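Student: For this one, chain W is given, so just place chain L on it according to the hints.
Chains as they are written, first to last, in our numbering: chain W, 616 to 705; chain L, 31 to 434.
Hint data in this document are derived by calculation from the structure and do not stem from the laboratory. Bear in mind that the values here come from a model prediction, so they are computed numbers and not experimental data. All C-beta atoms, glycine included, are put in the ideal place defined by N, C-alpha and C. Careful, some of the hints might be misleading.
Stated by the list, open to error - Between beta-carbon pairs, the in silico distance windows are:
id: 1; chain 1: W; residue 1: I642; chain 2: L; residue 2: P159; range: 50 to 60 Å
id: 2; chain 1: L; residue 1: R73; chain 2: W; residue 2: G652; range: 27 to 37 Å
id: 3; chain 1: L; residue 1: D247; chain 2: W; residue 2: K683; range: 15 to 25 Å
Unchecked claim - One side only, chain L facing chain W, incomplete, derived with CB under 10 Å:
id: 4; residue: D290
id: 5; residue: I332
id: 6; residue: D392
Claimed, not checked - DSS-like cross-link-like pairs, simulated, lysine-lysine; straight-line CA separation at most 30 Å:
id: 7; chain 1: W; residue 1: K683; chain 2: W; residue 2: K629
id: 8; chain 1: L; residue 1: K394; chain 2: L; residue 2: K246
id: 9; chain 1: L; residue 1: K246; chain 2: L; residue 2: K77
id: 10; chain 1: W; residue 1: K683; chain 2: L; residue 2: K394
id: 11; chain 1: W; residue 1: K683; chain 2: L; residue 2: K246
id: 12; chain 1: L; residue 1: K179; chain 2: L; residue 2: K32
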Amino acid sequence: MAGGDEELRRELLKIVAEEGMVENRDITADQRLDEIGIQSADFVMILMAIEERFGVYVPVDERLTEAKTVADLLDVVCSHIDNHRRQEAS
Amino acid sequence: MKPVAITGLGAVTACGIGVDRLWTAARDGISAVRDVTFPRIRRQQVKRAARLAEDDLAAITAAGNPRFQDRTTMVALAATREAIARAGLGAGDFGERCGVVVGSGFGGAETIERNYVRFIEDPDGRSDPMAIPKIMTSSAASWIAMEFKATGPTLCISTACSSATQSIGVAADLIRAGLVDRCLAGGSEVLLVDGVFSSWESLHVMTTTQCRPFSKDRTGMVLGEGAGIVVLESVEAARARGAEILAELVGYGSTADAADLLRPDPAGATACIRRAIDGAGIDPARIGYCNAHGTGTIANDITETQALRTVFGEAFDGLLVSSTKPIHGHALGAGGALEFIVTVVALRAQIAPPTIGFLGVDPKIGFEPVPNVARPFSADAAMSNSFAFGGINASLVVTLPGRG
Numbered sequence: 616m617a618g619g620d621e622e623l624r625r626e627l628l629k630i631v632a633e634e635g636m637v638e639n640r641d642i643t644a645d646q647r648l649d650e651i652g653i654q655s656a657d658f659v660m661i662l663m664a665i666e667e668r669f670g671v672y673v674p675v676d677e678r679l680t681e682a683k684t685v686a687d688l689l690d691v692v693c694s695h696i697d698n699h700r701r702q703e704a705s
Numbered sequence: 031m032k033p034v035a036i037t038g039l040g041a042v043t044a045c046g047i048g049v050d051r052l053w054t055a056a057r058d059g060i061s062a063v064r065d066v067t068f069p070r071i072r073r074q075q076v077k078r079a080a081r082l083a084e085d086d087l088a089a090i091t092a093a094g095n096p097r098f099q100d101r102t103t104m105v106a107l108a109a110t111r112e113a114i115a116r117a118g119l120g121a122g123d124f125g126e127r128c129g130v131v132v133g134s135g136f137g138g139a140e141t142i143e144r145n146y147v148r149f150i151e152d153p154d155g156r157s158d159p160m161a162i163p164k165i166m167t168s169s170a171a172s173w174i175a176m177e178f179k180a181t182g183p184t185l186c187i188s189t190a191c192s193s194a195t196q197s198i199g200v201a202a203d204l205i206r207a208g209l210v211d212r213c214l215a216g217g218s219e220v221l222l223v224d225g226v227f228s229s230w231e232s233l234h235v236m237t238t239t240q241c242r243p244f245s246k247d248r249t250g251m252v253l254g255e256g257a258g259i260v261v262l263e264s265v266e267a268a269r270a271r272g273a274e275i276l277a278e279l280v281g282y283g284s285t286a287d288a289a290d291l292l293r294p295d296p297a298g299a300t301a302c303i304r305r306a307i308d309g310a311g312i313d314p315a316r317i318g319y320c321n322a323h324g325t326g327t328i329a330n331d332i333t334e335t336q337a338l339r340t341v342f343g344e345a346f347d348g349l350l351v352s353s354t355k356p357i358h359g360h361a362l363g364a365g366g367a368l369e370f371i372v373t374v375v376a377l378r379a380q381i382a383p384p385t386i387g388f389l390g391v392d393p394k395i396g397f398e399p400v401p402n403v404a405r406p407f408s409a410d411a412a413m414s415n416s417f418a419f420g421g422i423n424a425s426l427v428v429t430l431p432g433r434g
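The following block holds chain W by itself, in its conformation from the complex:
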């Protein structure tokens, strides 16, 4: 797991569910994104919501493109948020 405390990951999971229009109670970290119907346009909505909430710009880079599961997605986003917070703190 690449960073991110439990609370942060829960909040991100909620954003993924809301923006991906998936029932929150149905979504778990080990699910494949394509299985729960998260498509390219949903990615963009998720990234925008994350930017609004955390002030961090997450580009669609290689790591994000490679994300297969919900956990992969959360790992990428958490590492961006961790970096962002470190930069803000310094």
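Tutor: Chain L only, in chain W's frame:
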């Protein structure tokens, strides 16, 4: 496909006014990408773009009619004047045998922006009465027709990043179908204004650092703006008036992925490239240079490489591929025309412009796209690709005169 003569080229880009400025920058790898600031964006995350220089825009506006024309139109007219001068067209060469096919993805972005801002700040105030005719995406096409009295079919093709490539392809189709003798074709896009840039940021496909097409560690695209216009004529019409034929358009292919709105599909791109080359009726091995769509996004560059490998087969190893987008930016509805112009000049010069910002081979891509420095080649055919959001693909193949 019966060849269509290319007799004139005109371009306005962040590299400057004129094809020479675009080509010199492309050949020498000099990027027009700069720091850009959009004051109304509260938290601007992306800070780089290839914006038209203020002096150039001022000169174009001074020569235009800003009360009735958005920047998109004025820039298109400037490019058209250059193309027509290069082609040596006179007043008698227009009329109903001359068509206009000029695309734009967005239309009059600056006018939209200014009117919305004014409306929100003062809803009781008066809107610009010319706002609608300035904003409409077909405005540039109409003004070009009006300025040169081209009364043949006039179209505006608005298919995002494929707008200009399809415009050039459809213009060639009109000529081959015998509907017109010549066409002014291309695209125009001037949309680097606060509201539009903010929307582009929201898509998260722009890099916050540097655009590096096909490279390892690439992180996205960089926006540009401008206009590219070409003069296309039937070979007979060009010869009849003793015009110099710069190159010939011999193949045009276009397909729709009909799959995902944003994620490109290799099958659609493959079919498009294949259709253009099949239409040209030439062996892919004859094509020496490909100006790729090469946006620098993860998905496009992998998809485009897969498509090129599939169509070119063994000939792929002998093909020089580069993306000039890090130099002039991704000019969206004008992009295909700018890159087509670069392709024509590259073919005539026998020099493949470089892909700047290249750091090393991405294992998923597995080739070097003329990295960082131009490379000479020896071939009589070249191609240019555009793959748009919405899954609309378009490719053009050109040859040196008389080689189609």
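Student: None of the hints should be skipped; say for each whether it holds.
Tutor: We went through each hint and held it up to the structure:
Distance hint for I642 of chain W and P159 of chain L: a CB-CB separation of about 52 Å, consistent with the stated range 50 to 60 Å. The beta-carbon spacing between R73 of chain L and G652 of chain W, approximately 30 Å, falls within the hinted interval of 27 to 37 Å. Here the CB-CB span from D247 of chain L to K683 of chain W is close to 21 Å, well matched to the stated 15 to 25 Å. Interface restraint check: D290 of chain L against chain W, minimum CB-CB distance 5 Å, threshold 10 Å, status holds.
Because the beta carbon of I332 of chain L sits about 8 Å from the nearest beta carbon in chain W, less than 10 Å, this interface hint is met. Nearest Cβ of chain W to the Cβ of D392 of chain L: about 8 Å, under the 10 Å cut. The hint holds. Proposed proximity of K683 of chain W and K629 of chain W is supported: the alpha carbons are some 18 Å apart, at most 30 Å. Distance restraint check for K394 of chain L and K246 of chain L: the Cα-Cα separation of roughly 9 Å lies within the 30 Å cut-off, and the hinted pair is therefore satisfied.
Between K246 of chain L and K77 of chain L, the direct Cα distance comes to roughly 22 Å. Compliance with the 30 Å bound is thereby established for this hinted pair. With a C-alpha separation of about 17 Å, the suggested pairing of K683 of chain W with K394 of chain L holds against the 30 Å cut-off. Restraint check: the Cα-Cα separation between K683 of chain W and K246 of chain L comes to about 20 Å, which is no more than 30 Å; the hinted pair holds. Under the criterion of a C-alpha separation no larger than 30 Å, the hint pairing K179 of chain L with K32 of chain L is consistent with the structure, at around 27 Å.
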